[in-house]
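Asker: Going by this note's numbering, the first residue of the sequence shown is number -16, and it counts up by one from there.
Hints are not guaranteed to be accurate.
[To be verified] Restraint-style ranges between C-beta atoms, simulated for each label pair:
hint	residue 1	residue 2	range
1	240	122	34 to 40 Å
2	154	7	33 to 39 Å
3	250	146	53 to 59 Å
4	270	154	29 to 35 Å
5	155	46	52 to 58 Å
6	164	144	16 to 22 Å
7	141	242	38 to 44 Å
8	241	163	40 to 46 Å
9	112	144	18 to 24 Å
In case anyone wonders, no lab produced these hints; they're calculated from the structure.
Every residue gets a Cβ at the ideal spot worked out from N, C-alpha and C, and that includes glycine.
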Amino acid sequence: MTLTEVTSASSFHPALYAVKVTPSKSPVCAGDNITLILSPPTNTTNGFYTLNDFGILMWFEKEQQTTGAFTGRASINTSSGILCCMHQNLPLRSIKGVLILLCTLPSEVGNRFMFSPAESISIVTIRVNSTDLVEFNDSVSLTCSASGSSPSYHWLNGSSDIIVGERVHLSSDNQTLTISSILTSDRGPFYCFVTNAISNGTSSPLYLNISYGPVNLTLKINGSDKEFFYTGSNLTLFCSAQSSPPALFQWDFHIATFRNGPELRLDNVQESQSGNYTCLANNARTLRYISKTVPIIISILHFKGGHWNMYLC
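Whenever a hint applies, use it, and build me the whole structure from the sequences.
Answerer: This is the structure we're talking about:
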């Protein structure tokens, strides 16, 4: 809470700025109880407080009367001028504005100031323009919002501070984070941490769905990189790639596409099945693809001289 004197008000005579008014603690959160202390202590037999030109407390000798939202919530010590006020469950708009103190007896003293209780940070949320993105292609903007007085914004990706760079930009008030040429490392979780003089708050984690790939394609034959096999063997060719969403696979042999899926089985292979086998992986979301070709050589196994020998045709 802040109390700021308003000294230019033509409706309030400057000569009446004879006392200072300070809160019992500072800052003070909206909803807290508050005591306003006059300095120097002042005997105030008769006077009133108004807020935004509406009377909240009037007193004459021992009689005191509160009005409106402050009924039963405010009282004054007439010998010292100390005002005690309970703010619980009062909306912020009811206790914020121009507060005027005027004491008329035994002498005229008073003050006029802005009364601004601080509001705690709450309801911290992140709004994003898109959560379904393609690596390298797309940009994204995240905007943080919060309730509370004078919020300051800070961004985290996981437990790490966001660092501004070529791809990463923050608005002048740090409220909006923009990332261009999105990468898989930008998937989050993102947090918005908001602070003010009296409190802080953190948003729920926000994750970005970033489509990528396919990359790092591997092709194995019976789980190995072996290329030579003999007739009659059973072969399993398996293709894998890193991709989101998962890649789709197809197999080519002698320029012809003949099988879809990551696995290709060849049972009881013959020499005619020798050649180059190509696995093609593609991602329907990113519209990217990658391929790998391996040669498979099938040969006849002969028994000669007491040994089995592989003959390549």
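Asker: Sort out which numbered hints this structure fails and list those numbers smallest first.
Answerer: none
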